[in-house]
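Enquirer: Use the sequences and the hints to build the structure in full.
Note that the protein sequences, when read in sequence, are chains B and D.
Quick note: the first sequence uses the numbering used here, first residue 1, plus one each step.
Quick note: the second sequence uses the numbering used here, first residue 1, plus one each step.
Take these hints with a grain of salt, some might be off.
A pair counts as met if it fits within one copy or between any two copies, since identical chains are not told apart.
[Unchecked claim] Pairs of lysine to aspartate or glutamate, DMTMM-like flavour, derived with a Cα cap of 25 angstroms:
id: 1; residue 1: Lys-59; residue 2: Asp-94
id: 2; residue 1: Lys-59; residue 2: Asp-90
id: 3; residue 1: Lys-59; residue 2: Asp-14
id: 4; residue 1: Lys-59; residue 2: Glu-24
Honestly, the hints are just simulated from the structure, not real lab data.
Number of protein chains: 2
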Amino acid sequence: MLGMEGDLLKGHLDAIVLAALAGEAAHGYAVIEAIRRRSGGVFNLPEGTVYPALHRLEKAGAVNSDWTTAPSGRRRRVYTLTPQGRAALDRHRDVWRAFAEAVERVMADAGDGGGNGGGVADQPPPAAGAP
Amino acid sequence: MLGMEGDLLKGHLDAIVLAALAGEAAHGYAVIEAIRRRSGGVFNLPEGTVYPALHRLEKAGAVNSDWTTAPSGRRRRVYTLTPQGRAALDRHRDVWRAFAEAVERVMADAGDGGGNGGGVADQPPPAAGAP
DNA sequence: CTTGACACCTAGTGAAACTAGGCTTAGTGA
DNA sequence: TCACTAAGCCTAGTTTCACTAGGTGTCAAG
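Expert: Here it is in structure tokens:
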């Protein structure tokens, strides 16, 4: 995942893949491309990430797949959101919203340091110290 | 992490812990409480998550810790952001912003399905089919 | 025929949060 | 005084999930 360090995406991948298919059905490569384009190039997901996700989602009933032939003659496996998948995407959106808001609330308070009273360090004379 | 499934928090924890300390120094329990309160109860982090994070951040030079005695007589290990930790928090905020925006862009496009032309399924007569 | 792009697949790996305990200490109630 | 609870801290082992590292097949162009 270029430009993004660590495991930021973990737990969000299924939602992102489902969202990529919400507009219209697409084959694997197109899903990857759609995610990259929509994210402004932030999410550049490896195939090894996306295909297992698609398989997982298909197994879970969130997407269906059909082999088709592109105008070029190439075989493609096209994935389509199921009604169940759409419902799952709606839930994912709610979860994301709640999650993002929670993160922003934690991050945002940082600057003012006021009005949160409790839970803070009492700084009386240092005691015995560490073990 | 109550109410949050899977690994949504992965990759974001350090940022959240640093942000919890940005206002003022705090001991472990207070960090946990601050995160829970600020997140509106969304992030209810286990001690086994937060303490290793604090230790990790201390080892990395982002926080310092000192043993103190609360008014009650209890020993507490109070953590304080270092200048390095503040700089790291700023970076984390930037990364979060970019990440969140990318996710929202991917999620938001879902509804319209228009204007993205390429990369979509060609649906001519189904070909030979799967292997 | 060779090469590169398209298209798909997957076992194994590693990172990071969480589980599952465990210990210590001060306050409270019986 | 004793038992229990809450505060406070610690950590090895486990689980989860994205990514790495390959690998195969097909089609078009040179």
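Enquirer: None of the hints should be skipped; say for each whether it holds.
Expert: Hint-by-hint comparison with the structure:
no.	hint	result
1	Lys-59 to Asp-94	within (23 angstroms within a copy, 36 angstroms between copies)
2	Lys-59 to Asp-90	within (19 angstroms within a copy, 41 angstroms between copies)
3	Lys-59 to Asp-14	within (13 angstroms within a copy, 34 angstroms between copies)
4	Lys-59 to Glu-24	within (19 angstroms within a copy, 48 angstroms between copies)
Checked against the numbered hints listed earlier, the structure breaks none of them; every hint is satisfied.
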